[in-house]
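Whenever a hint applies, use it, and build me the whole structure from the sequences.
Protein sequences, first through last, are from chains F and Y.
Letter 6 of the first sequence, counting from 1, is numbered 9 in the working numbering, and no numbers are missing.
Letter 29 of the second sequence, counting from 1, is numbered 95 in the working numbering, and no numbers are missing.
Keep in mind that the hints were calculated from the coordinates and are not lab data.
Treat the hints with care, as some may be off.
Taking lysine to any residue and the SDA-like style, the derived pairs with C-alpha atoms no more than 25 Å apart in a straight line are [as the list claims (entries may be wrong)]: (1) F:Lys-102 with Y:Ala-230; (2) Y:Lys-231 with F:Met-98; (3) Y:Lys-233 with F:Leu-64.
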Amino acid sequence: MVPLHWYLTLSAAVFMIGMFGFLTRRNIIIMFMSVELMLNAVNISLVSFSHYLQDMRGHILVFFVITVAAAEAAIGLAIIISLFRNKQTAHVDEMNEMKG
Amino acid sequence: MLQQLFFGYYAFMIIILSLLVVTRGNPVHSVMWMLLLFFHIAGLYLFLNAEFIAAIQVIVYAGAILVLFLFVVLLLNLREELSLRQIAGSWPAAFFIVAALFITVTAALGAYVQGPVGSYSIEAVRSETHTKALGRLLYTEYLFPFEIASLILLVAVVGAVVLAKRKLRS
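Next comes the structure, spelled out in structure tokens:
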């Protein structure tokens with residue numbers, strides 16, 4: 004039997020990799036993919052908790068997380084397209100209009 | 067022993083593939099590695115007796131969200147982006163923050179005490195299949211959140227069309 008800690012450590016590791024990618028990468032599409040990576044890490048921990056606690060609620064939560072991730076991807080990519088239309092770049096250092 | 071080996075393979079591949087996703091310079095390569103990563107995560111879900119979640123991981127994440135990403139990457143002409151600086155100059159600070167957070171989280175794992183187990187044991191789920199058990203819970207106890215989820219998707223569809231439209235007619 005694989006202990007629960009292994010799954011949670013894996014989940015934490017994937018979450019941290021996603022966070023590192025979000026903090027360091029300057030391409031807005033890859034930053035967005037890092038957010039998806041973080042959502043997937045949380046899903047891994049929810050499913051493993053659900054399995055070890057013999058409860059179905061974790062799976063329900065994963066279902067909703069995937070729904071919100073799909074909505075977020077659609078909205079986020081639409082924002083990226085309209086940003087690219089105005090700025091001709093996907094580099095976040097170029098996007099500083101809102102800076103005071 | 068076989069279970070540990072199985073988990074070890076999946077964990078190793080998931081870590082390596084997520085590192086590849088965040089370090090590749092070309093977004094198309096990142097999307098491709100992410101596709102492989104999502105299949106491995108789906109395998110891990112199968113390993114945890116969550117067949118339906120594994121299926122929607124492949125269908126929704128790999129089939130819909132990644133194709134959307136690929137469309138956008140191919141739609142935008144990012145050729146000149148590749149020559150720009152890809153990694154922020156302050157990456158050691160980010161690495162330090164992430165490593166500290168990882169150590170904090172894994173140290174907190176030692177304090178975890180398992181609570182009482184629920185009624186969905188592996189045998190109980192197997193006797194009525196995972197999809198049926200999930201669907202019954204979703205359409206009875208979680209019916210209202212389910213309806214809200216449909217509203218979120220509707221708002222996302224309308225919002226994506228409005229945002230990506232060239233100009234709103236006034």
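Hints, verified against the model:
no. : hint                     : result
1   : F:Lys-102 with Y:Ala-230 : 24 Å, holds
2   : Y:Lys-231 with F:Met-98  : 20 Å, holds
3   : Y:Lys-233 with F:Leu-64  : 37 Å, violated
Checked against the numbered hints above, the structure violates only hint 3.
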